[in-house]
Amino acid sequence: MVGAKTTKISIHELTLHFGNIVALKNLNLDIYNNEIFTIIGPANSGKSSFLQSLNRLNDLKATYRKSGTIVIDGKDIEGLDIESLRKRVSIVFALPFPLPLSIFDNIAYGPRMHGIKNKATLNEIVEKSLQEAYLWDEVKDRLHIPAMNLSGGQQQRLCIARILAVEPEVIMFDEPTSGLDPISTARVEETMRELKERYTIILVTNNVAQAARVGDRTAFLLMGELIELNDTKRLFTSAADKRTDDYITGKFG
Amino acid sequence: MNVQREQKIAFSILFLCTLLVVVPVMIILVIIFVKGASALSASFLFEMPTNGMTAGGIFPAILGTLYLVLGAIVFAVPLGVLSAIYLVEYSQDSFVSRIVKLAIVNLAGVPSVVYGLFGLGIFVLFLGFGASILSGSLTLGIMILPVIITSSREALESVPQSFRIVSLSLGASKWQTIRHSVLPHALPGILTGTILGLGRAAGETAPILFTVAAFYLPKLPTSLFDQTMALPYHLYVISTQVPGIPENVRYGTALVLLLLVLILNLAAIILRYQFRKRKKW
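Chains A and B, in that order, are what the protein sequence lines are. The working numbering applies: residue 41 is where the first sequence begins, and numbers increase by one. The working numbering applies: residue 22 is where the second sequence begins, and numbers increase by one.
Among the hints, erroneous ones may be present.
In silico SDA-like pairs for lysine to any residue, Cα to Cα no more than 20 Å straight-line [to be verified]: (1) Lys-195/B - Asp-286/A; (2) Lys-298/B - Pro-186/A; (3) Lys-101/A - Lys-195/B; (4) Lys-101/A - Arg-119/B; (5) Lys-157/A - Ser-194/B; (6) Lys-195/B - Ser-124/A; (7) Lys-240/B - Phe-80/B; (8) Lys-195/B - His-154/A; (9) Lys-101/A - Ser-112/B; (10) Lys-101/A - Tyr-111/B; (11) Lys-101/A - Ser-118/B; (12) Lys-101/A - Arg-185/B; (13) Lys-56/B - Leu-279/B; (14) Lys-101/A - Phe-80/B; (15) Lys-65/A - Tyr-104/A; (16) Lys-298/B - Phe-144/A; (17) Lys-195/B - Tyr-104/A; (18) Lys-159/A - His-201/B; (19) Lys-101/A - Ser-183/B; (20) Lys-101/A - Gln-113/B; (21) Lys-195/B - Ala-102/A; (22) Lys-180/A - Ala-160/A; (23) Lys-101/A - Lys-240/B; (24) Lys-273/A - Met-263/A.
Derived by calculation from the structure, the hints in this document are not laboratory data.
Please build the complete structure, drawing on both the sequences and the hints.
If you want it as structure tokens, here you go:
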């Protein structure tokens with residue numbers, strides 16, 4: 041890691057409920073600028089709920105309740121207007137969800153919603169975003185074909201480019217490679233490493249090896265509780281908690 | 022029973038049922054066409070009725086029906102689509118909203134004569150529009166509202182949730198999301214509802230009976246507050262109320278009504294096709 045660690049997001053006593061189900065219990069942690077913060081843990085351990093609380097996508101669910109605070113750059117997210125929060129804290133979902141539009145219009149969707157109409161500016165944003173997501177060379181001659189025609193791996197990189205186009209500060213990846221082949225996975229991981237130079241990255245993954253490969257720090261969540269949080273190398277070589285060790289060595293989960 | 026036999030029997034029953042539905046429709050169409058085609062001529066289509074409707078054309082009725090249908094669509098489509106958007110995208114799932122949705126679905130089954138009486142009470146008498154194109158259009162519009170709301174709701178609900186989530190997660194507002202990621206993909210379905218409503222509005226007699234239709238009015242309406250003749254009512258009148266109308270004039274009128282609905286539907290279907298072509302998933 042380069043330079044001093046500065047805090048980007050600070051989570052304090054965060055508890056999430058969906059109806060009677062507690063998805064996350066008393067979570068306290070800090071996420072630093074320009075790191076890849078990785079979260080591992082079995083299904084139902086609250087990983088995705090955690091991500092979706094950061095950009096308030098959980099608010100769409102009627103039964104959702106939250107207590108505790110999420111602070112980004114010193115400001116509580118409840119005090120920010122929801123559109124600009126979601127612009128700053130963006131998410132890449134497990135399945136690539138291209139909108140039923142052309143490649144170009146998919147990337148330009150976010151900027152257009154934020155009021156950019158100038159054709160030349162949009163062209164520039166689309167090219168830059170696709171290059172940053174390592175997709176430009178593969179699609180530059182067919183920007184106007186439907187995005188749904190791309191392969192799964194390309195679609196996932198399209199989704200990354202679509203997010204980069206709105207110039208976020210934090211990029212959250214929710215099991216971004218669970219549906220991809222090993223080569224596409226390697227490309228997405230490479231993209232993440234590049235992106236961390238300019239963005240803060242939070243990666244939720246079911247793939248323990250992936251966390252070991254790309255994570256700077258790794259948190260292990262189990263049944264909504266933070267079991268252990270440490271530098272990725274340390275966590276994987278000498279886990280303090282037996283449950284962490286069992287999970288990363290494949291004894292359960 | 023062996024599987025093959027069972028399959029054959031199932032197929033035959035399904036095929037027969039389809040035949041039972043299609044054949045009567047075909048027979049009706051053929052009879053109307055055969056008996057009515059001889060009446061069709063430019064003067065029949067574009068001239069005033071004369072001689073107590075036993076001769077001349079049916080132009081005022083054609084024009085009247087066109088006005089009424091367009092009026093109903095202009096009134097009902099925006100209102101229906103906007104309320105469907107509210108119901109699907111904004112209203113919380115509560116007891117009241119479920120009652121409202123149920124009520125709308127049930128309204129589609131209310132007999133058209135009831136809408137006619139409603140129109141008479143509200144538009145003709147209470148609001149003082151008199152028997153007029155305005156009253157008739159509004160009455161027909163209210164009659165087709167449930168069809169349009171219900172099909173628009175289904176169209177909106179069939180847009181994948183992921184489109185909304187992606188749009189919101191990119192920082193679009195709720196309205197931007199609806200406007201750019203939901204509505205464009207629901208348009209073909211909304212148009213289907215409009216087509217159904219259109220056919221119904223063109224063909225109904227009861228709602229216009231009290232609110233607009235003139236028995237015999239051989240001149241063209243000049244304003245929204247004029248009465249007008251209309252095809253379905255005219256057909257009823259010449260078939261049952263006035264003796265001595267040649268048979269081919271009666272069937273010709275029915276044929277014209279059918280063709281009119283067909284042409285209106287065709288226009289909407291072409292429009293829908295244009296939207297569907299743009300659909301990329």
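Unmet hints by their number, sorted upward, for this structure: The structure conflicts with hints 1, 14, 23 and 24, although it agrees with all the remaining ones.
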